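Engineer: Read off the chains here:
Protein chains: 2
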Amino acid sequence: MKQVIVARADVGMGEGKLAAQVAHASLTAYEHATEQAKREWKQGGQKKVVVKGSSERELHELQEAAKAQGLPTGLVRDAGHTQLEPGTVTALAIGPAGDDAVDRITADLPLY
Amino acid sequence: MKQVIVARADVGMGEGKLAAQVAHASLTAYEHATEQAKREWKQGGQKKVVVKGSSERELHELQEAAKAQGLPTGLVRDAGHTQLEPGTVTALAIGPAGDDAVDRITADLPLY
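So the protein sequences, as listed, match chains U and V. The numbering of the first sequence is our numbering, which starts it at 1 and goes up by one. The numbering of the second sequence is our numbering, which starts it at 1 and goes up by one.
Read the hints as simulated data drawn from the structure, not as lab findings. Just to be clear, a hint being listed does not mean it is correct.
Remember, identical chains collapse to one label, so a pair may be satisfied in a single copy or spanning two.
[What the hints assert, rightly or not] Simulated crosslink set (DSS-like; lysine-lysine; CA at most 30 angstroms straight-line):
id : residue 1 : residue 2
1  : Lys52     : Lys67
2  : Lys67     : Lys42
3  : Lys38     : Lys2
4  : Lys2      : Lys52
A quick note: this is a predicted structure, and the numbers were derived from the prediction, not measured.
Let the sequences and hints guide you as you build the complete structure.
Structural biologist: Okay, structure coming up:
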């Protein structure tokens with residue numbers, strides 16, 4: 001079980017901002033997971049991997065692909081109080097789900 | 001309502017690693033919150049702020065202070081598969097809780 005969070009590397013987030021957006025996406029996708037998936041993922045140490053996305057369009061496409069496979073997702077739009085324009089899409093979390101299911105969608109993305 | 005995540009700036013985590021540790025701490029503290037606190041925080045946009053800690057000892061002391069106030073916390077030790085020594089304490093999340101209650105403990109820490 002794992003969760004992969006795709007964060008946009010093209011919008012110039014600072015480190016702390018990036019971390020907050022990733023955490024937001026992570027929790028949102030987690031809340032959409034089944035109770036069994038939540039439990040199994042936590043028992044396995046809640047493995048998370050952060051990878052780089054390069055556009056808003058890419059994140060939307062990845063989310064559609066994940067939803068088509070029945071995987072939980074969480075897409076974050078920043079409120080824009082700091083650093084970014086309001087409504088900027090910043091991060092997409094996929095999972096927790098089986099490693100293979102998540103990898104089919106995200107395996108080509110570079111580590112952040 | 002907010003959650004503050006104190007991440008160690010003294011252990012040399014890369015950006016993606018930092019984000020994953022912050023997300024881990026965030027979810028752990030969230031799971032320790034009351035249902036009412038979870039709901040109120042999410043309705044308010046699940047505000048998160050990432051700040052810098054400078055030692056393992058500091059994170060432990062902040063956790064004790066938060067617990068003494070009845071606030072939910074989540075402390076992360078890295079499994080050490082990458083970048084860090086196994087067992088390294090990396091991040092502490094405090095909240096979700098009222099802004100004032102969290103600020104009493106974390107207001108002096110610099111933004112990450």
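Engineer: So, for every hint listed, does it hold in this structure?
Structural biologist: Evaluated hints:
When the C-alpha separation of Lys52 and Lys67 is checked against a cutoff of 30 angstroms, the pair qualifies only within one copy, where the shortest distance is 19 angstroms, while the shortest distance between copies is 36 angstroms. Both within a single protomer and between protomers do Lys67 and Lys42 lie at most 30 angstroms apart by alpha-carbon distance, with minima of 22 angstroms and 22 angstroms respectively. For the identical chains of this complex, Lys38 and Lys2 are neighbours both inside a copy (10 angstroms) and across copies (23 angstroms), given an alpha-carbon limit of 30 angstroms. Taking the shortest Cα distances, Lys2 and Lys52 sit within 30 angstroms of each other both inside one copy (16 angstroms) and across copies (27 angstroms).
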